[in-house]
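The listed protein sequences correspond, in order, to chains L and R. The opening position of the first sequence corresponds to residue 1 in my numbering, with each subsequent residue numbered one higher. The opening position of the second sequence corresponds to residue 1 in my numbering, with each subsequent residue numbered one higher.
Be aware that one or more of the hints could be misleading.
Pairs involving identical chains hold if they fit within one copy or between any two copies, as the list cannot separate such chains.
The calculated lysine-lysine pairs, modelled on DSBU-like cross-linking and capped at a C-alpha distance of 30 angstroms, are [stated by the list, open to error]:
no., residue 1, residue 2
1, K172, K293
2, K236, K293
3, K293, K188
4, K172, K2
5, K2, K236
6, K236, K71
7, K220, K293
8, K172, K71
9, K293, K2
10, K220, K71
11, K188, K220
12, K71, K293
13, K220, K2
14, K172, K220
15, K149, K188
16, K2, K71
17, K2, K149
18, K236, K188
Keep in mind the hints are simulated off the structure, nothing from the lab.
There are 2 protein chains.
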Amino acid sequence: MKPIIAIIGAGAVGCYYGGRLAEHGNDVHFLFRSGYDAAQSRGLIVRSLDGDFTIPPDRLNAHTHPSQMPKADLVIVTLKTTANDQYQPLIAPLLHDQTVILTLQNGLGNEARLAELFGRERILGGLAFVCINRLPDGTIHHLDHGTVKIGQFHGPLRPITTQIADWFSASKVPCQILPDLLYGRWEKLVWNVPFNGLGAVMSKTTDQLIATPQGRALVKSLMMEIIQTAATQGVKLPPEIADLNIAQTRSMGAYRTSMQIDKQENRPLETESILHQPLAAAQAAGIATPYLKVLYDMASLD
Amino acid sequence: MKPIIAIIGAGAVGCYYGGRLAEHGNDVHFLFRSGYDAAQSRGLIVRSLDGDFTIPPDRLNAHTHPSQMPKADLVIVTLKTTANDQYQPLIAPLLHDQTVILTLQNGLGNEARLAELFGRERILGGLAFVCINRLPDGTIHHLDHGTVKIGQFHGPLRPITTQIADWFSASKVPCQILPDLLYGRWEKLVWNVPFNGLGAVMSKTTDQLIATPQGRALVKSLMMEIIQTAATQGVKLPPEIADLNIAQTRSMGAYRTSMQIDKQENRPLETESILHQPLAAAQAAGIATPYLKVLYDMASLD
Numbered sequence: 001m002k003p004i005i006a007i008i009g010a011g012a013v014g015c016y017y018g019g020r021l022a023e024h025g026n027d028v029h030f031l032f033r034s035g036y037d038a039a040q041s042r043g044l045i046v047r048s049l050d051g052d053f054t055i056p057p058d059r060l061n062a063h064t065h066p067s068q069m070p071k072a073d074l075v076i077v078t079l080k081t082t083a084n085d086q087y088q089p090l091i092a093p094l095l096h097d098q099t100v101i102l103t104l105q106n107g108l109g110n111e112a113r114l115a116e117l118f119g120r121e122r123i124l125g126g127l128a129f130v131c132i133n134r135l136p137d138g139t140i141h142h143l144d145h146g147t148v149k150i151g152q153f154h155g156p157l158r159p160i161t162t163q164i165a166d167w168f169s170a171s172k173v174p175c176q177i178l179p180d181l182l183y184g185r186w187e188k189l190v191w192n193v194p195f196n197g198l199g200a201v202m203s204k205t206t207d208q209l210i211a212t213p214q215g216r217a218l219v220k221s222l223m224m225e226i227i228q229t230a231a232t233q234g235v236k237l238p239p240e241i242a243d244l245n246i247a248q249t250r251s252m253g254a255y256r257t258s259m260q261i262d263k264q265e266n267r268p269l270e271t272e273s274i275l276h277q278p279l280a281a282a283q284a285a286g287i288a289t290p291y292l293k294v295l296y297d298m299a300s301l302d
Numbered sequence: 001m002k003p004i005i006a007i008i009g010a011g012a013v014g015c016y017y018g019g020r021l022a023e024h025g026n027d028v029h030f031l032f033r034s035g036y037d038a039a040q041s042r043g044l045i046v047r048s049l050d051g052d053f054t055i056p057p058d059r060l061n062a063h064t065h066p067s068q069m070p071k072a073d074l075v076i077v078t079l080k081t082t083a084n085d086q087y088q089p090l091i092a093p094l095l096h097d098q099t100v101i102l103t104l105q106n107g108l109g110n111e112a113r114l115a116e117l118f119g120r121e122r123i124l125g126g127l128a129f130v131c132i133n134r135l136p137d138g139t140i141h142h143l144d145h146g147t148v149k150i151g152q153f154h155g156p157l158r159p160i161t162t163q164i165a166d167w168f169s170a171s172k173v174p175c176q177i178l179p180d181l182l183y184g185r186w187e188k189l190v191w192n193v194p195f196n197g198l199g200a201v202m203s204k205t206t207d208q209l210i211a212t213p214q215g216r217a218l219v220k221s222l223m224m225e226i227i228q229t230a231a232t233q234g235v236k237l238p239p240e241i242a243d244l245n246i247a248q249t250r251s252m253g254a255y256r257t258s259m260q261i262d263k264q265e266n267r268p269l270e271t272e273s274i275l276h277q278p279l280a281a282a283q284a285a286g287i288a289t290p291y292l293k294v295l296y297d298m299a300s301l302d
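Assemble the whole structure, with the sequences as input and the hints as a guide.
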């Protein structure tokens, strides 16, 4: 039997991964917060470097309220972290005893909060390595990458985790299982903190941030602070990943990060999960991260 | 006899102060870098909260090259500091034995460079406390304030300094003589560093920067670092001037600083004189100024 999958927060990331899973024939239900009308009239249109596809309106299970949705085997949370205060009302109605919750959200603290609310055994965390935007007409534009890495918040590897990885892999989404979710989270922060943070505060795309030696030095200063902070949390990231991340970012071209887009569109920023949680970890550990501190202050200005 | 006054760099500040001096009947010559054609055809049009005035084309001594200009009794330098490598060719042709050079430029290091080139005895520094923009049609828009504070770079007060203050005062420009020019420079940096620096890097007007408690805290952090750095240079600024500066900035409304405008118009920024010189002083003195460091790095990105 095909699993029932719920996408909570059908933005760019939710629509892309949910769309891939639906295209492969899974029973996927999308909770839209914006973009519902476009999805209802046009369906879900995905332009992807891995192949375009469309889920037509009559096959798209688009919803605006969780009470309309069936209980799910897998709930994939792709809300902005600025909406995390909605976890309880949006997710609770979808749960049965065996439901697994996978958060693909950015930054730190999301799994811990979900575990508090719904029990740690069912919580997975995932990292979406993907360049993706939603265009004004609702079209999902998948520009680059696409791998998802998932890991359990707690306990030894369970069969359901492997199964979920298989669902993704079978749907043209490369998926890896992370033996250490926290390592993955910090590893991704090494990229997210400079590119999302500086991108939002300075209104610069990734390529503009690393176009000059000064820009690369600034980005690297932030990366090294994250690597140092991760070490205080028992996560030993090799320092070489700073240069490696910068080199890989060059291949992405002129990419607007989600935080830069949020800033330009006057939406709340994911400052708490991407900047403040790492800063709080550094401060609790007593290490100085001046670049992160100033960046956080700037991002918190509005 | 009326003094001959040369304005080197007839931008917003040069046109305003030179215009005031010319309107009062002084023999003022303007070296334009841009805006020459508009000035030749329309004259110098000033809209000012202290009273509008126009210097018509036939009474405006507009030039594009210093070789066209007479030797001057007073050279007022209002170049962007990004053009300081032009001091020698632009100023040398205008000097006689007694010529005084007054720089109204921003930041640190300008008087010292002029003194190296032309002798320290004739150098005055000045601070323009003024909100002023040049509109696209060349009109000078004087929005607020207007006081000039001038001081000698070297030696005891000389009569010519007092005389220059009188020339300004007689021309509707309030003018004070600074007993300690360095004090004045650092005092002004307390304002310039956060509002020019953050304004440029974050593309925010003064009122946006101080609209929230977080914004005011960020601005104040930078101000306190400047006050601490000034102390290492023998300049004891009272810490209360941070809050005082913020309070006074509220009265200015939505002001775009010159550095923000330069950034938006893709012109070089006065990063060296406004941010780097104070940072270099802090580093030489061995004190940590993380906000200034990160701000400087961000401003230097392009």
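A quick look at each hint next to the structure:
Taking the shortest alpha-carbon separations for K172 and K293, neither the intra-copy value of 39 angstroms nor the inter-copy value of 45 angstroms comes in at or below 30 angstroms. Taking the shortest alpha-carbon separations for K236 and K293, both the intra-copy value of 22 angstroms and the inter-copy value of 27 angstroms come in at or below 30 angstroms. In the homo-oligomer, the alpha carbons of K293 and K188 lie at most 30 angstroms apart both inside one protomer (19 angstroms) and across protomers (25 angstroms), since each shortest distance falls under that limit. For the identical chains of this complex, K172 and K2 are intra-copy neighbours only, at 17 angstroms inside a copy versus 83 angstroms across copies, given an alpha-carbon limit of 30 angstroms.
Within a single copy, K2 and K236 get their C-alpha atoms no closer than 39 angstroms, and across copies no closer than 74 angstroms, so neither meets the 30 angstroms cut-off. For the identical chains of this complex, K236 and K71 are neighbours neither inside a copy (39 angstroms) nor across copies (68 angstroms), given an alpha-carbon limit of 30 angstroms. Both within a single protomer and between protomers do K220 and K293 lie at most 30 angstroms apart by alpha-carbon distance, with minima of 15 angstroms and 14 angstroms respectively. Within a single copy, K172 and K71 get their C-alpha atoms as close as 25 angstroms, which meets the 30 angstroms cut-off; across copies the closest is 77 angstroms, which misses it.
Proximity of K293 and K2 under a CA criterion of 30 angstroms is satisfied in neither setting, with 47 angstroms inside one chain copy and 56 angstroms between copies. Taking the shortest Cα distances, K220 and K71 never come within 30 angstroms of each other, neither inside one copy (45 angstroms) nor across copies (52 angstroms). With identical chains, the CA atoms of K188 and K220 are at most 30 angstroms apart within one copy only, with a shortest distance of 14 angstroms there and 32 angstroms across copies. In this assembly of identical chains, K71 and K293 lie within 30 angstroms of each other by CA distance neither inside one copy nor across copies; the values are 42 angstroms within and 52 angstroms between.
Taking the closest pair of Cα atoms, K220 and K2 never come within 30 angstroms of each other, the shortest separation being 45 angstroms inside a single copy and 58 angstroms across copies. Taking identical chains as interchangeable, the C-alpha atoms of K172 and K220 are never at most 30 angstroms apart, the minima being 33 angstroms within one chain and 51 angstroms between chains. Within a single copy, K149 and K188 get their C-alpha atoms as close as 11 angstroms, which meets the 30 angstroms cut-off; across copies the closest is 52 angstroms, which misses it. Taking the shortest Cα distances, K2 and K71 sit within 30 angstroms of each other inside one copy (13 angstroms), while across copies they are farther apart (90 angstroms).
Only within a single protomer do K2 and K149 lie at most 30 angstroms apart by alpha-carbon distance; the minimum there is 22 angstroms, versus 78 angstroms between protomers. Only within a single protomer do K236 and K188 lie at most 30 angstroms apart by alpha-carbon distance; the minimum there is 13 angstroms, versus 45 angstroms between protomers.
Violation of the numbered hints given earlier is confined to hints 1, 5, 6, 9, 10, 12, 13, 14; the remaining hints are satisfied by the structure.
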